[in-house]
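From first to last, the protein sequence lines are chains A and B.
For the first sequence, the working numbering gives the first residue as 3, with consecutive numbering after it.
For the second sequence, the working numbering gives the first residue as 625, with consecutive numbering after it.
Since the hints were made in silico from the structure, they are not lab data.
From a predicted model like this one, the values you see are computed outputs, not experimental measurements.
Just to be clear, a hint being listed does not mean it is correct.
Stated by the list, open to error - Which residues of chain B face chain A? A few of them, derived with a C-beta cut under 8 Å, are:
1. G909
2. T920
3. K921
4. T1136
5. G1139
6. A1143
7. L1163
8. G1165
From the three backbone atoms N, C-alpha and C, an ideal C-beta is built for every residue, glycine too.
Here is what each chain is made of, one letter per residue.
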Amino acid sequence: MGKKNNVTASGIEIRKKSLGLRIWNHRGYYIMFLPVLIFLLIFNYWPMLGVRYALYDYKPVGEPVFVGLKHFTKMFSTDAFWTAFKNTLELSIIKLFLSTFASVIVSIFLNEMGNLFAKKTLQTIIYLPHFMSWAVVASIFSLFLSPSSTGMVNGLLKDWGIVAKDGMGIYFLADENYWRPIYYVINLWKDTGWGTIIFLATLSGINPELYEAGDIDGATRLQKMRYITLPALANTIITVLILNLAKVMNLFESVFVLYNNAVYSVADVCATYIYRQTFAMALPNYGYSTAVGLFRSLVGCVLVIVCNWASKKTRGRGII
Amino acid sequence: MKKKVLSLLLASAMVVSLAACGGSDAPAESSAAANNNTESSAADNNAGNAEAPAEEFKLEKVKMVVNGTLTATVDNGQAEFEKQWEDAVGVDLEISQLDHSGYVDAVGRLFASQDYPDVMIMSADMYAQYAPTGLLWDMTEAYDNAEFQSRMTLPAINEALKKDGKLYGFAPTYGNGCVTYVKKAWLDAVGIDASTITNYDAYYNMLKAFHDGDPDGNGTTGDTYGVVAAGFLGNEAPYINYLPEFWQDAYPAILQDENGVWYDGFNTEETKAALLRLQQAYNEGAIDPETLTASTKIAREKWFSNDQTGSSGVFTYWAGSWYQTLTDNLIKNEVNEELVQLPPIAEVEAIGGYLNREAPVWVIIDDMDGDNTREQAIFDAFIETMMDGGTVQTLWTYGAEDVHWSTKAEEFTVNPGTDNEKTYSYEEGVFHLKQSPNDPNSVWKKNHLDPALVVSPLTNGFNSVEGLAAEGNLFFTENCVDAPISPVSETYTNESGTIYDAKMAVVTEVVTKNGDVEAAMANYVATVGSIIEQCLAELNG
Chain A
3 MGKKNNVTAS
13 GIEIRKKSLG
23 LRIWNHRGYY
33 IMFLPVLIFL
43 LIFNYWPMLG
53 VRYALYDYKP
63 VGEPVFVGLK
73 HFTKMFSTDA
83 FWTAFKNTLE
93 LSIIKLFLST
103 FASVIVSIFL
113 NEMGNLFAKK
123 TLQTIIYLPH
133 FMSWAVVASI
143 FSLFLSPSST
153 GMVNGLLKDW
163 GIVAKDGMGI
173 YFLADENYWR
183 PIYYVINLWK
193 DTGWGTIIFL
203 ATLSGINPEL
213 YEAGDIDGAT
223 RLQKMRYITL
233 PALANTIITV
243 LILNLAKVMN
253 LFESVFVLYN
263 NAVYSVADVC
273 ATYIYRQTFA
283 MALPNYGYST
293 AVGLFRSLVG
303 CVLVIVCNWA
313 SKKTRGRGII
Chain B
625 MKKKVLSLLL
635 ASAMVVSLAA
645 CGGSDAPAES
655 SAAANNNTES
665 SAADNNAGNA
675 EAPAEEFKLE
685 KVKMVVNGTL
695 TATVDNGQAE
705 FEKQWEDAVG
715 VDLEISQLDH
725 SGYVDAVGRL
735 FASQDYPDVM
745 IMSADMYAQY
755 APTGLLWDMT
765 EAYDNAEFQS
775 RMTLPAINEA
785 LKKDGKLYGF
795 APTYGNGCVT
805 YVKKAWLDAV
815 GIDASTITNY
825 DAYYNMLKAF
835 HDGDPDGNGT
845 TGDTYGVVAA
855 GFLGNEAPYI
865 NYLPEFWQDA
875 YPAILQDENG
885 VWYDGFNTEE
895 TKAALLRLQQ
905 AYNEGAIDPE
915 TLTASTKIAR
925 EKWFSNDQTG
935 SSGVFTYWAG
945 SWYQTLTDNL
955 IKNEVNEELV
965 QLPPIAEVEA
975 IGGYLNREAP
985 VWVIIDDMDG
995 DNTREQAIFD
1005 AFIETMMDGG
1015 TVQTLWTYGA
1025 EDVHWSTKAE
1035 EFTVNPGTDN
1045 EKTYSYEEGV
1055 FHLKQSPNDP
1065 NSVWKKNHLD
1075 PALVVSPLTN
1085 GFNSVEGLAA
1095 EGNLFFTENC
1105 VDAPISPVSE
1115 TYTNESGTIY
1125 DAKMAVVTEV
1135 VTKNGDVEAA
1145 MANYVATVGS
1155 IIEQCLAELN
1165 G
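Excised from the complex, chain A in its bound form (with noise of 0.2 Å):
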């Protein structure tokens, strides 16, 4: 078995060095990744060592004990870790979805301004809630959505007439039927203007030559923004809609500071279920829970095995 030489297209042999020759004729950039992968090694290698004990009883005292599959059957008979698997992939899309679809039309809005001042200002001012925390934000909507006599949109819906004046007010973040809308107007609310950059910078990469042919052509703004503005930035929304598709099982901080027992049914995602199953226990079987979790990051895995063929398919290049 001789190694492969690459052959040039004039058909010269060229031979091929060793792995260990190479190394050492580029040393000086593999200890400059050195740091990089110890680093690696010790904070995101090592780490998953950890899951050996989604097979064992894990508790915070006393040794591990080995229990085999008994947490993964555990899992996979409850019913409350499949509605927790449901909902985080429909919130997740979802929003996904939704986020990405404002923030093009955000993005298009706001490059459509031509007042350079109110086009900054708007800016500043939706970029804003991105910086704000989750706790703060479920702080603020919990008070304007509260259905006590205070609550500033229950008070709204009752001055209207659309709720009775002595009835009691929409527990909106309590109800099923509301919590998934509101949970994705707050999250639009927060994160839109965040979105838009990505978008801004693409659309400032534009050719403006492009709008100048359509003029002459006659185009109406509509159409420039049809034919020219959107095609220019499909290849850009395709990379957000994969990029971001990967993480859709990352879902924790902000429906965890929104839900509530009353709406687990509609709310409840792997991560809370995780934390409940962990922390709200007085004394937690981690084993549970790292089986939930390695469950959910295998998922995930999958998640970015199909993204990364999606890309290559679309973008014609993987995304690792």
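Add chain B to chain A, keeping to what the hints say.
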């Protein structure tokens, strides 16, 4: 060549810095070994102490984890408390005060990172779960030989905590519980005499009057509620203490009957009846709908808020010093402060009165090295001194001298320039509490130990339990009954989260969604029935 040298240097620097981050404890460990033990952290001592001769153990530091019951918080004179404790005991004290409402979560995270303290406070639930694990040091002998035994006035409290004759945690006070407070001004506004509230019907009519009338006097009806609480069902024992009038004889947890047989108190007719009472109250505005999601802090602040619109007339909360605290907060918010402590209504009286919860305990983490000298030293430094009847017990009871309390002559005024202005004047040598460090408009009340509840009283004569706090304590002790004890079983430990979720599903389905109670309970049985059966089999086996 220069680039290579530079890259090599850069890489070396980063590797060294990384290694330095990870190994910061190494010198301390070396030092500890050299000095034959210095710090006492359970995790740090596993190896070193085993080799140390027992009599040579020298405790230099105690790592303590506590919840919000230490009222000398960081912004309320904790540094001075810590300093005076260290001066009195001669040991360093490291206080880690975790979020009160998320204490169980926070302790779980702490243990998950293997960061064990030396001593920590545990609720009765936590104590029941951890006692059999071996994590908690068996302090029976230390407790029996403690100096404070000769001054104990309530020995039964800690005797009741023993599991198979062994004591794994020390309760410095009895449990205390909640009583129902009613705003007197609201009662007057709706024309109800508190003495007529003797049964559930009268209680419920009062709640309805608070919702349907205009007790806050803002000219609008229907914008106030009868009662507010932190949840319809609590997540720690005794679960029902914030709404006892609704739960009455129901105790929705695994508990023992009069023959000592364990059974599921949730799946009972009493619980179903309680859920229907809550459902009616929720639908009719007698109970603030935000009870579903409110934390204790939110419920409290809503109740004594300056703007009484959206507030409630009734609040069931901790007895004793909280009577004073709630009153002070009403004064601070310029709300009529007069409160009525409601004696248990007939249905609550039928079970003996308000529930006295199982006492929270201080536990010592066992480093499991087979040598008790470290743990005994911690007991001596921490628990023995906590009950010394003098300097250290005063620190735990009232806080730091000349910060929270003093015996020096002084005069101060709270709420100056308002209708509630009050001047306090003390002569030299007279014990008195000072203004709260973080709120000059209120007088400090206590630190960690409630002097009225403590199992072994102070011997220095310092006493601040007077007025409303004393009245509240007396009222509670005259109207309370011990709460049922918490179950301990392997399955219950593993599945308590799932069981609680299933219970809450029933509560929300029935109370807030008008669901059928039988159907909801059937769903509960279908979800966790087999788990409950297994728990009961273990408990009764």
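Item to complete: Report holds or violated for the interface hint on B/T920, using the least CB-CB distance to chain A and a cut-off of 8 Å.
Response: Violated: closest Cβ of chain A sits about 15 Å from B/T920, beyond 8 Å.
Worksheet item: Hint check: is the beta carbon of B/G1139 less than 8 Å from a beta carbon of chain A?
Response: violated (11 Å)
Item to complete: Go through the hint on B/G1165 and say holds or violated, using the shortest Cβ distance to chain A against 8 Å.
Response: Cβ of B/G1165 sits 20 Å from chain A, so the hint is violated.
Worksheet item: Does B/T1136 pass the interface check with chain A, least Cβ-Cβ distance below 8 Å?
Response: Constraint on B/T1136 satisfied, holds at 6 Å.
Discussion item. Using the nearest Cβ pair, does B/L1163 come within less than 8 Å of chain A?
Written reply: violated (16 Å)
Discussion item. The hint names B/K921 as touching chain A; please verify it with the least Cβ-Cβ distance against 8 Å.
Written reply: violated (12 Å)
Item to complete: Grab the minimum C-beta distance from B/A1143 to chain A and call the hint holds if it beats 8 Å, violated otherwise.
Response: With a minimum Cβ separation of about 15 Å from chain A (threshold 8 Å), the hint on B/A1143 is violated.
Discussion item. Quick check on B/G909 please, does its C-beta sit within 8 Å of some C-beta on chain A?
Written reply: holds (6 Å)
Hint compliance for this structure: hints 2, 3, 5, 6, 7 and 8 are not met, and every other hint is.
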